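Visitor: Each chain is listed here by its residues.
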Amino acid sequence: MPELTAPAPRSTRSKGIGRVLIVVYGILALGATGRSFVQIANAVRDSQQVPLAFWLSALASVVYIVATIALIAPGRVWYRVAWITITFELVGVLVVGTLSLTHPELFARPSVWSWYGNGYLFIPLVLPVLGMLWLRWRRPESDAVDRDASPDAA
Amino acid sequence: MIEWLTIVQVVVAVAGGILCLVLGFAGRKPNDYTLGAVALVEVLLVAQLISAIVSPFAGNNPSGDPLEFYTYLVSALLLPAAGAFWALVERTRWSTVILGVVCLAIAVMVYRMNVIWFVQGA
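From first to last, the protein sequence lines stand for chains A and B.
Per full-length UniProt numbering, residue 1 is the first one in the first sequence, and the count goes up by one each step.
Per full-length UniProt numbering, residue 1 is the first one in the second sequence, and the count goes up by one each step.
Calculated directly from the structure, the hints in this document are not laboratory data.
Predicted model, so just to flag it, every value in this text is computed and none were measured.
Honestly, I wouldn't trust all of these hints.
[To be verified] Here are some chain B residues pointing at chain A (derived, C-beta under 8 angstroms): (1) Leu-67; (2) Glu-68; (3) Glu-90; (4) Trp-94; (5) Val-101.
Here a beta-carbon is modelled for each residue, glycine too, at the ideal position from N, C-alpha and C.
Just chain A, same shape as in the assembly (with noise of 0.2 angstroms):
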C-alpha cells in the first residue's frame, strides 16, 4: 500500500509551488510576446529595418511560452524540454545582458534581455534559476531512480 503523500507518477511539476512559478513564466511569457510583437510591428510599419535586438525578444518570448507549456506537461520529455528552454533563457539573460553593457549599440535597446532584464524587474534573471531548482527538486520519479543508482547523472 503506497503512503498516500508518495508523489504521484506523473505531471509532478505542476504542484504546489510550482503552480505559482508556472504563473509567473506564463505572465512573462505573455508580456514578452506581446512586447516583440509591438516593436516589430512599429519597426515594419516605419519601413525601418527589425533591429537584430527585437528579433532576440521574439525568439525569447517563444521560448518561454515552451518552458511554460513545458512546465505544465507531464513526462520525461516535457522535462527534458523544461531543461532545454529554461537552460537557454538562462544562458540568453547573461550573454545578452553583458552584451548590452559591452557593445550598447548591438543590444542597448529594450529588449527581455537587456541589461539582465532589469526592464522586467530582473524577472528574467531570477526565474531561471528557481525553475531549474524546481526542475532539480520535481525530477519525474523514473529519473529519480536513475539518481539513486548513479547521484552524478545530470
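Based on these hints, arrange chain B on the given structure of chain A.
Guide: Chain B alone, transformed into the frame defined by chain A:
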C-alpha cells in the same frame, strides 16, 4: 484613459493582490473574497477598455503608441480570467497565491498603460 479611474484601479489591484497573497500563504483556498477581488479588478479593466475606446471621441487621445497600449490592455484582460479559471479547477492555497500574483501584475500593467497614454509621447 481617465486618470482617477487608473488610480482607483491600481489601488484596488494592489490591495487585492496583497489580500490574495496573505490569505494564500496563510493556507486559504480561493474563496468569495479573493475571487471577488479578482472579479472587481476584471470589471475595472473592462471599464478601462470602454474608457479607452470612448476617450478619443472626447478629445482625449493617447500621447503614446496606441498599439502598445492595447497590447497591454488585452493581455491584462486575459490574466484574471486565466487566474480565476485555475482557482476554480485547482482549489488549493497556491491558487490563491496565483490570484495575488495576477492582481499585482495587472497593477504594473495598468501603471504602464497610464505612462503610455499620458507621458510617453508628451
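Visitor: Evaluate each hint against the coordinates.
Guide: Do the hints match the structure? See the list:
1. Leu-67: holds (6 angstroms)
2. Glu-68: holds (5 angstroms)
3. Glu-90: Given a least distance of 7 angstroms, the restraint on Glu-90 (chain B) holds.
4. Trp-94: holds (5 angstroms)
5. Val-101: Interface hint status for Val-101 (chain B): holds (6 angstroms vs cutoff 8 angstroms).
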